[in-house]
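Taking the hints into account, I'd like the entire structure generated from these sequences.
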Amino acid sequence: MIAGAVLVALLAAGLAAFTYLRLERVGRRGWVPMACRAVAWAALGVLLLNISCPAPAARQRPLVLLDASLSFGAPGGRWIEARDSAARWGEVRRFGDERITTDSAPTRGRSLLAPALLAASASDRPVIVVTDGEIEDAPEIAPELLGRSGIRVFPRTARSDLALTRLSGPARVSAGDSIPLEVEVQAVAGEAPDSVIVEVLAGSTRVGRRTVRFRSGSLGRARIPVPSAAVGRGEQVLRVALREVADSEPRTDVRLHLVTVAPTPGVVLLADPADWDSRFLYRALRDVAQLPVRGYVRL
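Yeah, the sequence shown ends on 291 if you go by this note's numbering, and it's all consecutive.
Just so you know, these hints were derived from the structure itself, not from any lab.
Cβ pair distances, simulated, as ranges:
1) Arg102 - Ser160: 24 to 30 Å
2) Leu283 - Arg215: 17 to 23 Å
3) Arg151 - Ile189: 17 to 23 Å
4) Ala106 - Asp279: 41 to 47 Å
5) Trp268 - Glu176: 30 to 36 Å
6) Val84 - Gly226: 47 to 53 Å
7) Glu73 - Gly209: 29 to 35 Å
8) Arg215 - Thr93: 36 to 42 Å
9) Arg51 - Arg140: 16 to 22 Å
Using N, Cα and C, we set each Cβ at its ideal position, and we do this for glycine too.
Here it is as structure tokens:
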């Protein structure tokens, strides 16, 4: 482009000089109009050579979509490495759930990529997705969107981890009754051990203990009866925890259960005479009522 413009300028100057000095022979008076004519012809020639006058487009930084879900900051995650790499690669925009947050740590509860990727694809900038590979809505993303994006995966390192995934029990019992707690322990990562000890604490006092065995692969279940006399009356918070477990995520090793120990039953059923109807009624009340049920039979 530059060489062509120089050639056009030389031709315009030569043509103007030939016109004023050879054809019209105006002498020294022709130097000023000759220069103006040369400039005009050169400008016209440059426009004819490339009438669009394109300018090189400014190089735009890529748009980097950074996964800011909780899994990236979990044990074994490579959040710092991914964050620093994303900052080097382009302009960073974080995705996860629908919340708008300025927190610099990965605190979002979900990994939803589709909305952020769809918005980024509307621009003409290159798109790079930085994630740990645990994208919740990956099957719902159109393949052509992923095909136009660069994917950088920083996978988490798998570490042994046990978690109390479920704890259930009655919200209200009568004094003297036991408090049955159903617990479920799962090996979230790594190989599950043969068994694990689960303890129930009321304050600093241990009121229950059970060994949970993993009979079906990575899942173990157990029922822990807790005597209400050891807990005390009124509202009590029971702390259920895994014992002697050294795993990568201790926050999943403890769960709390709120129970009210009432001095008297909520419902008392007196069967007179004792028959199958009264037994059926007692079981129905026990399953449906939100209060402790106690049944008596007159002999």
